[in-house]
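Listed in order, the protein sequences are those of chains E and Z. Every position in the first sequence, counted from 1, becomes a number in my numbering once 40 is added. Every position in the second sequence, counted from 1, becomes a number in my numbering once 33 is added.
Hints listed in this document are in silico derivations from the structure and should not be mistaken for laboratory results. By construction, the Cβ of each residue, glycine as well, lies at the ideal position given by its N, Cα and C atoms. Among these hints, one or two may not hold up.
If you want the ones that stay clear, here's a sample from chain Z, every Cβ over 12 Å from chain E, calculated [claimed, not checked]: (1) GLU62; (2) ASN66; (3) ILE68; (4) SER72; (5) GLU75; (6) GLU101; (7) ARG111; (8) ARG136; (9) ASP140; (10) PRO145; (11) HIS232; (12) ARG275; (13) ASP287; (14) GLU305; (15) GLN327; (16) THR332.
Here chain Z is said to cover these stretches of chain E; the calculated rule only asks that three of the stretch's residues, wherever they fall, bring their Cβ under 8 Å from a Cβ of chain Z [stated by the list, open to error]: (17) 57-64; (18) 138-147.
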Amino acid sequence: MSARFLIVDDSELVRQGLRALLQHNPGWEVCGEAADGLAGVEMLKSVQPNIVILDFQMPGISGLETARRMTAIAPAVPIVMFTQHASAELEQHAREAGVRSVVSKTDAFAMIGIIETLLDKHEVR
Amino acid sequence: MVNERENVNILMVDDQPGKLLSYEAILGELGENLIKAHSAREALDLLLKNEIAVVLMDVSMPELDGFELADMIRQHPRFQETAIIFISAVHLSDLDRLKAYQRGAVDYISVPVVPELLRAKVSVFADLHRKTRQMEMLNRELRTLSTRLIATQDEERRRIARDLHDSVGQLVAALSMNNGLIQTDAQNLKPAASAALRHNVQLVDQLSREIRTISHLLHPPLLDEVGLLPAIRTFAEGFAERSKVQVAVEFAPDIGRLAPNVEISIFRIIQECLTNIYRHSESKTAGIKIWTSQDSLLTVEVRDEGKGMPVENQHSKFSTSGHGMGLSGMRERVRELGGKLEVHSNGKGTSVIAALPLVGAVSVGA
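Looking at chain Z on its own, in the form it has when it is part of the complex (with noise of 0.2 Å):
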């Protein structure tokens, strides 16, 4: 957070240098960084150069009148939210004042300037451009603390995997050999040590599925060595299996290896649409679909034919499903690799489209 008030920027425009000098006197007390512009086209430079928050301009002066700056001015997309406040001695009409709110400007002040107004008009707008700039900042914080969020998570859950496999899952393989080998002379044990061997197999392959479901589902072991497609295809075998929900899935031929962060943005988008899909759709199927497109565009579509998706959900930003991240993690994830995530949903079903940009996408060297 900015404790500290930073300065804005005014740009006070007039061909007299009189005026300026008592603008410059009437907002010498707000504690703004004050700028001075003898012509449009000098202010015009200015602005070029410099973040302003607020200008203030006289609106006639030669060459290039208040107007025809102000024209100027919001044709530049940076000027936008540029505040543009008129002061004018003539063209005090309501058409002149109407054509000065055409032009953008957020207000029109007449001479004789009463100081404290012009003071106060010209602080609320500087203030305005402080906040909007501090909310910016914080913004895109945010979005770096959840992108950094989301990679945090991708790394823990494969290293909890990885940890699983190397440590609960060799000592269930180092069972299921001494298994083995008790097997092997099973003719010389008694009936009921012969049960219990056999209950012992059972109950060390129950173990190890229970064991491979959870770390598939925190990393998919196939994802790093084989790629996304045979990591999918297996993900929604087990999906199937273990929902009942019968998964089809469909990829284009031409899909090599992609980026590693693609690659588990991917996966775990369709991961989190299935969970969805059996949590809360209450539909008996699901369709996954990769492809590439003329435009250089993956797409990535899991759609099913539940009862489809509240309104307030497809647009917010912030919801999410329990221990996933729902859809505002899917969108940030498809905003970092430059996407476009859409959702459409009704009464017949849902589809949650994903579409990648493949400049970037594909995998160097694979």
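Chain E on its own, in the form it takes in the complex (with noise of 0.2 Å):
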């Protein structure tokens, strides 16, 4: 199935990383890429991604904030968010700002199956 990433991420190494690991699956396309919450808030508009990974803590508004406006602007875009500092009460109020799901950066390929599972519930359009 085919999908459509935008990727949040201060990191350069991270966001290299993460289109390796994306687009080794067909079908898979990382179709923006920004370094802080408000440059991906207004790619998210122009670039129309089928879901978003996105970092926590990042220079400018945080993970959260970012979260909050893209829920704002398409509730229907899955943001998967890709942190350090996954925790319990982390992923609380990753979901209350409209995170669907926290995933550990150490733990990436769980990412994987994450987004399979979107993708297989037609969450993703």
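From these two lone chains plus the hints, build me the complex, please.
Put into structure tokens, the structure is as follows:
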């Protein structure tokens, strides 16, 4: 199943890694990359992704604030938060901000499974 | 340190100008500032306008006498420590002297005055005042310094945590993504390579946990982004896991975001308390409670059921516990925020209570 991703992360290394990891799956394409929340929100409007992969701790507005703004603009686009700080507490706040799922940055492989589930459930349009 | 001697003010009060002139001649060689007042009223006026180290006054004066003036001086909180020396030609009974000392006089000199003695007595109190003032100044400097030290430490910890996240953390994330990519094709690997990959995944996970713990102890990421209470809950969970001390957390529901310096201070106090509980108390449980009260106080309590704290540690201003700043650091943080820190400890456990004024603690615009 094909999918278009927007990556929002301030680390170029992480963006590169994510791009390689995601595009390794047939039909998956990274359609945009942003290095901070505000740029991400702007890009969401222009590149129209199916899924957003979002960092939590970034310069400028935080991942949570970015998620809130993105959900307000495009509530149907699921956001997966990809962070070094995954915890139950963060997960709760992230969900309140409209994030669908929180994945630890050290468990990138788990993200593939989560995205596949989102695609299978036809949650992605 | 003040090396040059600062002169202090000596106020001389007598209704007879001749006596004032003779005191001036006697005390002149002390090199201090001599101020003359010809009546009790003028003396009061001068006291309010100047910082006076020693008051030298005649007992019998028309209108207000020396005793009455001393009463008025002592009523003012600013002059509690001002040294008063009476000089009198009359009223020389023990009862008179007693009356003078009851009014807080430091000496009662009878006429005729022995110049050397008067000079020596005044000089002692002038020096005492000067030293007290220097000590007060040094104390103020020390407090400013310790406040700045705490703020610098907080800032430095925040910076190191951020650096860890931005450099090492991102490298580990990149490693994990590379592993993820290989894991996608794991079915094509030979068994040994597949086992090595699984091992790598475990190593990355372990590495990341360790960095995360260090970074969270240095500065909890949730504190800035989400607030104090989630940061404390997450910290308490991690602490319970590492220390095997059960932590109960109880927050009043009406506590919103607080000013950043208040949030970091409360977090550090709780962190320090839990560390102490783990290191010294032998308690299996810990409780954190935060609530607000009618009198606009925010109260934070951390308690345990351990063996208690030695009495000398409870009151010590300077003891520290290892790398943290100990009780003295907590006191300093609480004092800086205009609050009070209490420690109750006995054989059944310890409770540390910090009460902070809510005015100024609530975050503006949150």
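Taking the minimum C-beta separation from Z/ASP287 to chain E, is that value above 12 Å? Fine: 18 Å to the nearest Cβ keeps Z/ASP287 off the interface.
When you look at the beta carbon of Z/ARG111, is every beta carbon of chain E farther off than 12 Å? It holds; Z/ARG111 is separated from chain E by about 50 Å at its closest Cβ, greater than 12 Å.
Beyond 12 Å on every Cβ pair: is that true for Z/GLU305 relative to chain E? holds (21 Å)
Does Z/ARG136 really sit off the interface, with its C-beta more than 12 Å from all C-beta atoms of chain E? Given a closest Cβ separation of 63 Å, the condition holds.
Please confirm whether Z/ASN66 is truly not at the interface, meaning its C-beta sits more than 12 Å away from all C-beta atoms of chain E. holds (58 Å)
Apply the coverage criterion to the segment 138-147 of chain E and chain Z: a residue qualifies when its Cβ sits closer than 8 Å to a Cβ of the chain, and three qualifying residues are needed. Per the Cβ count (4), the hint holds.
Examine each Cβ of chain E, and state whether all of them lie more than 12 Å from the Cβ of Z/GLU62. holds (68 Å)
Please verify that the nearest CB of chain E lies beyond 12 Å from Z/HIS232's CB. Z/HIS232 is indeed farther than 12 Å from all Cβ atoms of chain E, at 14 Å.
Confirm or reject the statement that Z/GLN327 sits farther than 12 Å, beta carbon to beta carbon, from all of chain E. For Z/GLN327, whose nearest Cβ neighbour in chain E is about 30 Å away, the distance exceeds 12 Å, so it holds.
Please confirm whether Z/ASP140 is truly not at the interface, meaning its C-beta sits more than 12 Å away from all C-beta atoms of chain E. holds (67 Å)
Report holds if the minimum CB distance from Z/PRO145 to chain E is greater than 12 Å, and violated otherwise. The assertion about Z/PRO145 holds, with a minimum of 81 Å to chain E.
Beyond 12 Å from chain E, beta-carbon-wise, is Z/GLU75? Holds, because the least Cβ-Cβ distance between Z/GLU75 and chain E comes to about 66 Å, which exceeds 12 Å.
No hint from the list above goes unmet by this structure.
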